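Full structure from sequences and hints, please.
As they're listed, the protein sequences go chains X, V, W and L. When we follow this note's numbering, the leftmost residue of the first sequence carries the number 1, and every step to the right adds one. When we follow this note's numbering, the leftmost residue of the second sequence carries the number 206, and every step to the right adds one. When we follow this note's numbering, the leftmost residue of the third sequence carries the number 411, and every step to the right adds one. When we follow this note's numbering, the leftmost residue of the fourth sequence carries the number 616, and every step to the right adds one.
Because the hints were derived from the structure by calculation, they are not lab data. From a predicted model like this one, the values you see are computed outputs, not experimental measurements. Among the hints, erroneous ones may be present.
To be verified - Here are the simulated lysine-lysine pairs, PhoX-like style, with alpha carbons at most 25 Å apart: (1) V:K322 x X:K176; (2) X:K24 x V:K395; (3) X:K190 x X:K117; (4) L:K736 x V:K306; (5) X:K176 x V:K381.
Protein chains: 4
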Amino acid sequence: MKILITGFEPFGGESVNPAYEAVKLLPDMAGDIQIVKMEIPTVFGEAGKVVETGILQHQPDAVICVGQAGRRADIGVERVAINLAEASIPDNAGNQPMDVKVQEDGDTAYFATIPVKAMVKNIKDHGIPASISYTAGTYVCNSVMYDLLYLIDRKYPSIRGGFIHVPYATEQGVGKPVGTATMELSTISKALLYALEAVAGEDKN
Amino acid sequence: MKILITGFEPFGGESVNPAYEAVKLLPDMAGDIQIVKMEIPTVFGEAGKVVETGILQHQPDAVICVGQAGRRADIGVERVAINLAEASIPDNAGNQPMDVKVQEDGDTAYFATIPVKAMVKNIKDHGIPASISYTAGTYVCNSVMYDLLYLIDRKYPSIRGGFIHVPYATEQGVGKPVGTATMELSTISKALLYALEAVAGEDKN
Amino acid sequence: MKILITGFEPFGGESVNPAYEAVKLLPDMAGDIQIVKMEIPTVFGEAGKVVETGILQHQPDAVICVGQAGRRADIGVERVAINLAEASIPDNAGNQPMDVKVQEDGDTAYFATIPVKAMVKNIKDHGIPASISYTAGTYVCNSVMYDLLYLIDRKYPSIRGGFIHVPYATEQGVGKPVGTATMELSTISKALLYALEAVAGEDKN
Amino acid sequence: MKILITGFEPFGGESVNPAYEAVKLLPDMAGDIQIVKMEIPTVFGEAGKVVETGILQHQPDAVICVGQAGRRADIGVERVAINLAEASIPDNAGNQPMDVKVQEDGDTAYFATIPVKAMVKNIKDHGIPASISYTAGTYVCNSVMYDLLYLIDRKYPSIRGGFIHVPYATEQGVGKPVGTATMELSTISKALLYALEAVAGEDKN
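Rendered as structure tokens:
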């Protein structure tokens with residue numbers, strides 16, 4: 001089983017993005033799971049194109065994109081992506097869409113096709129807080145999740161796809177308002193590995 | 206320099222207390238700081254008595270008590286303890302004081318005599334979120350901090366004393382409401398060590 | 411212009427539901443808007459059926475369902491309903507669906523067809539906090555919003571539809587954890603009126 | 616019975632302060648309670664001097680200062696003021712003290728001498744969320760509460776004194792981050808009246 005896992009480059013004034021930092025800490029092989037890691041741009045539209053390049057190059061069985069959700073305290077496995085782009089801050093190319101479709105001819109929404117319940121369960125069974133999330137927002141995270149599921153729906157039906165949101169890394173919490181939740185990068189990375197195990201395990205059954 | 210650092214036993218239905226778990230992970234020596242670790246009961250009055258036993262036995266230069274603050278996201282170095290005990294849940298001996306003084310003849314409050322600003326700064330300089338807190342609540346945490354500072358004021362004026370609140374450990378977050386902040390025990394323990402360094406450093410200057 | 415506005419009966423152990431209480435405070439006429447109010451059951455499936463009964467009986471130009479969102483501090487105008495029913499507590503008929511579709515043959519999601527941006531703007535312009543929400547959850551609120559938009563899509567294309575989430579009423583905050591946000595019923599009701607004005611105004615343009 | 620109640624002028628970039636706005640809505644007489652209202656400056660030191668002027672002029676039986684606590688959702692009756700001034704933003708005269716005593720020769724802290732439990736109970740009994748707070752912070756609110764209790768301790772022992780924190784007014788919530796709790800000014804004002812009733816009632820018993 002081969003899984004392509006992506007993480008965003010930093011955005012919004014942060015110097016690191018815990019998503020890609022945690023992805024980088026993953027091993028290349030975990031049991032019989034081959035893990036291919038890729039950094040993608042925090043840019044509407046571009047992110048999805050880079051993901052498709054990765055799909056074509058690596059022919060994965062599943063694709064999981066990972067992004068930062070600064071206001072969350074746990075690992076959030078996303079259930080649904082919606083066909084809507086709205087940005088309260090510009091992306092890394094200066095785009096700031098408002099009330100725009102991600103794909104003109106796409107469905108209103110797509111559900112993740114990875115086993116979100118099993119993923120959350122496996123992460124929690126290993127002692128790391130996690131939950132299903134029912135909104136990936138309307139920024140580049142939702143946009144690339146939508147693009148991925150749209151691509152799968154139209155062109156790559158044998159691939160499973162989804163998205164995971166992760167909290168700020170511990171270091172990022174310094175200087176943020178008191179009360180801002182954080183998680184160690186090593187813990188986030190372990191959680192991602194448990195998520196991948198669940199994807200691979202489901203696939204076997 | 207010898208520092209006595211204490212952590213509470215579990216309470217409130219939790220099976221572990223991140224305070225003592227993190228204390229246990231500390232080394233016995235850090236530079237020229239000798240670290241003496243002690244578990245104390247989560248019981249009003251008793252906690253302070255056990256702390257005094259530790260003072261008599263170990264003759265420390267400073268005493269720092271550590272407790273869990275489930276609703277915090279960062280390391281909270283407490284600035285003040287107040288002469289008031291109020292419990293919304295019973296302590297581990299079944300006591301549930303309401304509107305009671307910690308010490309009949311004590312001051313209304315005592316400020317910590319450890320260098321809280323330097324401690325917070327050193328923790329943050331090492332990439333771990335921390336802040337000064339101006340309330341240790343009214344449960345056993347505040348009570349033992351008050352008892353410690355009362356003892357120092359009356360009987361052990363050469364000792365410096367204070368209290369540190371720590372978040373839930375990561376594992377404790379599983380099963381708690383989504384949004385509950387946590388921190389790795391190893392990170393909490395590192396933060397405690399940076400706090401001790403600041404106490405020792407201040408002492409040298 | 412005739413608008414049908416519904417509020418749920420109490421659920422989850424609450425003795426009142428601020429949604430219907432606020433709906434009841436609305437006038438029957440506001441300018442040239444005729445307001446028809448209806449209480450609907452907090453029951454998966456049934457809620458949507460009662461809404462359709464209201465549509466058939468009153469032939470409204472728009473239908474807005476209103477529900478309580480206990481963890482919100484402002485008026486939340488929902489943007490999208492998803493084809494998923496998951497309940498962490500039973501509804502008022504004892505149903506507790508998990509990972510079930512709202513409508514077997516429905517789309518993955520429907521966007522609200524009321525002018526959510528104009529509604530939020532008009533509420534805020536009158537000094538009441540409001541925002542667009544991108545998840546109505548997976549409980550009966552999302553379910554009835556989905557049912558409404560499904561009905562509109564399939565059978566009543568000339569009707570506009572959507573959903574508004576409101577905070578706890580002030581009285582409900584007594585006894586809840588410190589930090590629980592609330593809003594006066596009279597304020598919630600005014601916000602609903604400003605929302606209806608925006609729906610009617612958009613219709614004129 | 617005569618009660619002097621004060622509210623701060625706006626600060627921190629806000630155009631109104633819900634504290635004084637709510638105070639202004641109070642009647643001049645409530646049963647046999649004579650209510651004297653006074654606006655005080657949001658300035659360290661000055662606030663306390665103006666309060667003393669009010670004491671000398673009006674000879675009240677009790678003094679209650681009221682301030683805004685932007686991050687709270689309920690009415691917070693303060694239990695204790697500490698001898699510490701630390702400001703993260705300048706006050707209205709540009710002062711920004713850090714680690715400074717409020718009164719050089721004052722106690723470490725003073726407890727409120729108004730009946731905080733009875734006040735919270737009476738507010739809640741009337742359907743408005745309230746709780747005892749154990750920290751008034753370290754800004755001008757804590758400072759004036761400290762000054763008041765210091766004055767009472769040293770010079771006016773027959774007067775009772777304390778402090779109440781109130782949330783943002785509803786209008787202030789517009790433009791603030793989603794999730795910011797607010798309360799109607801009329802509700803805040805009612806809560807203050809119920810608090811005064813409890814002060815007067817306690818006095819009779």
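Now for the hints, and whether the structure bears them out:
Taking the CA atoms of K322 of chain V and K176 of chain X, the gap is near 17 Å; set against the 25 Å cutoff, the hint holds. With a CA separation close to 24 Å, the supplied pair K24 of chain X and K395 of chain V stays within the 25 Å bound. Taken as a hint, the K190 of chain X and K117 of chain X pair is honoured in the structure, with Cα atoms around 17 Å apart against an allowance of 25 Å. Proximity of K736 of chain L to K306 of chain V is assessed by CA-CA distance (about 21 Å); at most 25 Å being required, the pair is judged to hold.
Of the pairs offered as hints, the one joining K176 of chain X and K381 of chain V holds, with about 23 Å between alpha carbons and a cut-off of 25 Å not exceeded.
When held up to the earlier numbered hints, the structure conflicts with none and fits them all.
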